[in-house]
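Chains A and B supply the protein sequences, listed in that same order. Going by numbering that gives the first Met the number 0, the first sequence wraps up at 286, each residue one higher than the last. Going by numbering that gives the first Met the number 0, the second sequence wraps up at 136, each residue one higher than the last.
These aren't lab readings, by the way, just hints derived from the structure by calculation. We put the beta carbon where it would ideally sit given N, CA and C, even for glycine.
Some chain A residues judged to face chain B by a derived CB distance under 10 angstroms, without partners named: (1) R42; (2) P43; (3) K47; (4) D50; (5) A58; (6) W203; (7) Y205; (8) P209; (9) D213; (10) L214; (11) L215; (12) L218; (13) Y228.
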Amino acid sequence: MANTKEVRKQISSIKSTQKITSAMEMVAASKMKKTQDTMLEGRPYSLKIKDLIAHIASANSEYSHPFCEEREAKKACFIVVSSDKGLCGGLNINLFKQVISKSAELNNNGIESCFALIGTKASAFFKSVGGQIVGVAEKLGDKPNPDDLIGLTKIVLDMHKSEDIDEAYLCSNIFVNTMTQQPNIDQLIPLVPQDGDDLISTHWDYIYEPEAKDLLDELLTRYIESLVYQSVVENSACEQAAKMIAMKNATDNAGDLIKELELLYNNVRQAAITQELSEIVGGAAAV
Amino acid sequence: MNTIKINIVSASEEIYSGEATMVYATGSLGEIGIAPGHTQLLTGLAPGPVRVQNGKNEEAFFCSGGFLEVQPDLVTVLSDTAERADSLDEAEAIKAKEAAEQSLADKDSTIDYAKAAAQLAEAVARLKTIQKLRKKQ
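Can you build the whole structure from these sequences, using the hints too?
Right, here's the structure in full:
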């Protein structure tokens, strides 16, 4: 049986771990509020630009943009959004699992995959798995700057332009609520026209100022950038929520462990006392 | 009176949402006025004011660029950055303009020429918005 000193040492070490996890829980809770605000601030823009893209898709435009055209797929690019730091439960790994299975599914159809990665965790994971990595954006912080993502998005869009890739997917976590984050894969290119908008079904088109091509080029690029940015912001809200839950669980588990160890400690102590007493009594009887 | 719905959003927040009898904006090919029932139009925005008239009320916003979409009953302004014109500060705008001019003149500096020119255009547009508003008051 373990001695009392050992058990005491173990208890105090778990207690200090518990202090750390509960501090991290509180930090995550306060950051979560901020990241959620950023996420909500960006939503109106991304909703409106989504509406606009849906309108454009239903317009009978004289110019058809390459992003809207489906071509025979040979290679797909996954933009994977992950967190920079760990200790957030299964948030990242659940997403990576989905990405890997989607990539395997495409592979069965003869479509190769490559990856554009956002966040340290994604780059570490896909480096070890050994996929083709075309770009990495790391250490964006709690308040990501859209400018930091433009480079990465541009790599993907340029690859599409030069026909190195034919499809692009955006993989990130969706913030359902504080308890639930949903890994999700969205098709970016070719654009999937969204319905649900009851626009006039007659033949119509915009007046474009200046040229339709320039305007749509810029607008669609902006659209994809805004989707990527919004998913990064949303992922960072997910990260803080998941971290808070993970740390709360860790704190609770540490509490349970301490309780068990304290019980053990008392048992050991009592056993030692009993043994000592019986030794004394035995010794006295011998005399 | 006929009205048209208008939404102004910037990348970081929703700026304005409401009804208007007339909307004026600075398109990339010049100033445009949009009345209810306007035909579908899609245009880029140059840095400048966007004015929303509803009856006698008028509100002005400053957009540094972006896109404008018109449907017969809806105007959507997707602005890169937008702010309410009454929160614009003239002294700040002049300072920004001078700083931009300075960096353009300073040939040795490592600043990207295109970026500096864009900054100057934005600062000038900001100043113009303020001055236009002032004249009206």
